[in-house]
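Novice: Okay, here's what each chain looks like letter by letter:
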Amino acid sequence: MKLILAIVQDKDSNLLSSEFIENDIRATKLSTTGGFLKAGNTTFIIGIEDKRVYEVLDIIKKISHARQQFMTPPVNMDMGGDATMSYPIEVQVGGATVFVLPVDQFEQY
Amino acid sequence: MKLILAIVQDKDSNLLSSEFIENDIRATKLSTTGGFLKAGNTTFIIGIEDKRVYEVLDIIKKISHARQQFMTPPVNMDMGGDATMSYPIEVQVGGATVFVLPVDQFEQY
Amino acid sequence: MKLILAIVQDKDSNLLSSEFIENDIRATKLSTTGGFLKAGNTTFIIGIEDKRVYEVLDIIKKISHARQQFMTPPVNMDMGGDATMSYPIEVQVGGATVFVLPVDQFEQY
Ligand code: NI
Ligand code: NI
Ligand code: NI
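Protein chains in written order, with full-length UniProt numbering: chain F, 1 to 109; chain X, 1 to 109; chain V, 1 to 109.
Check before you lean on any hint, since a few could be wrong.
For identical chains, the list gives no copy identity; a pair is met inside one copy or between any two copies.
[Said to hold, decoys possible] Derived SDA-like pairs (lysine to any residue); straight-line CA-CA distance at most 25 Å:
no., residue 1, residue 2
1, LYS62, THR43
2, LYS29, ILE89
3, LYS51, PRO73
4, LYS11, PHE106
What the hints contain is simulated information worked out from the structure, not anything from laboratory work. Nothing here was measured: the structure is a model prediction, and the numbers come from that model.
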């Protein structure tokens, strides 16, 4: 048995939850903040048999990996009050930090 | 020293907290969600000397084990608008998932 | 790689966050409650290379160690409705409980 702690962006957490349920992986969700950004993120606690660790890691990677996304920033007003054109810019979203921890004992009551 | 992570139903968490305090067991509480149900649950983080692990597990088992409970569902209205009798049904409540983790180093400042 | 779990008082958590950022230490913050007091506290999850564990512990100790502080209690009214003098008293604030956990595998996606 291993304990997996996975920290992902809030925006990926619902899809990741669904994927875990679909694959019969029990995950407990914590609302967390931080890293360098103040942005909200979600930490999943997952208990899993040793032989399924890579299956869990693959799902986390597939759903939550860091990727570039185009985003149109809100319209700017210049000093004279005129709206300037706003062009789409590329931003990074997603990303996951994952720890696999050894477990001495696992119980269900 | 071991770190115990115990995930229990919200409805058992206050009683479990009291039992920990009574037995001089320091526990930190996290509000969590998930598992297969969307229902709220509580995760306890407990740091404990090796020789008291079984004492902690016994308390968690005693307070939070899964058990059957009779519940009367809310009154149903049938198509014609008549209230039908509502009979008590048996539902499972409680349950605990517990991980005992090895600790390399423990400090108090 | 180690996983450090540090439980500190809420009042020390912002300063500790800033110190972690300044030293390029990634920390995820959880809002937690408990211990013997019902008071709110904050749990930090930190992933760090083995050789930097002591650096992290030093920062936690420096910012969050238990210390005495003088506090003036609110004014008391005696039975006759007269305000009695309120003298500063010494109270303990701060304090940190820290677990260093072994990590089997660490991934970033
Ligand atoms: Ni992709
Ligand atoms: Ni019972
Ligand atoms: Ni000091």
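Novice: Give a verdict on every hint.
Specialist: Here's how the hints hold up against the structure:
no. : hint           : result
1   : LYS62 / THR43  : within (17 Å within a copy, 27 Å between copies)
2   : LYS29 / ILE89  : neither (32 Å within a copy, 30 Å between copies)
3   : LYS51 / PRO73  : neither (45 Å within a copy, 41 Å between copies)
4   : LYS11 / PHE106 : between (31 Å within a copy, 22 Å between copies)
Taken one by one, the earlier hints fail for this structure at numbers 2 and 3, listed in ascending order.
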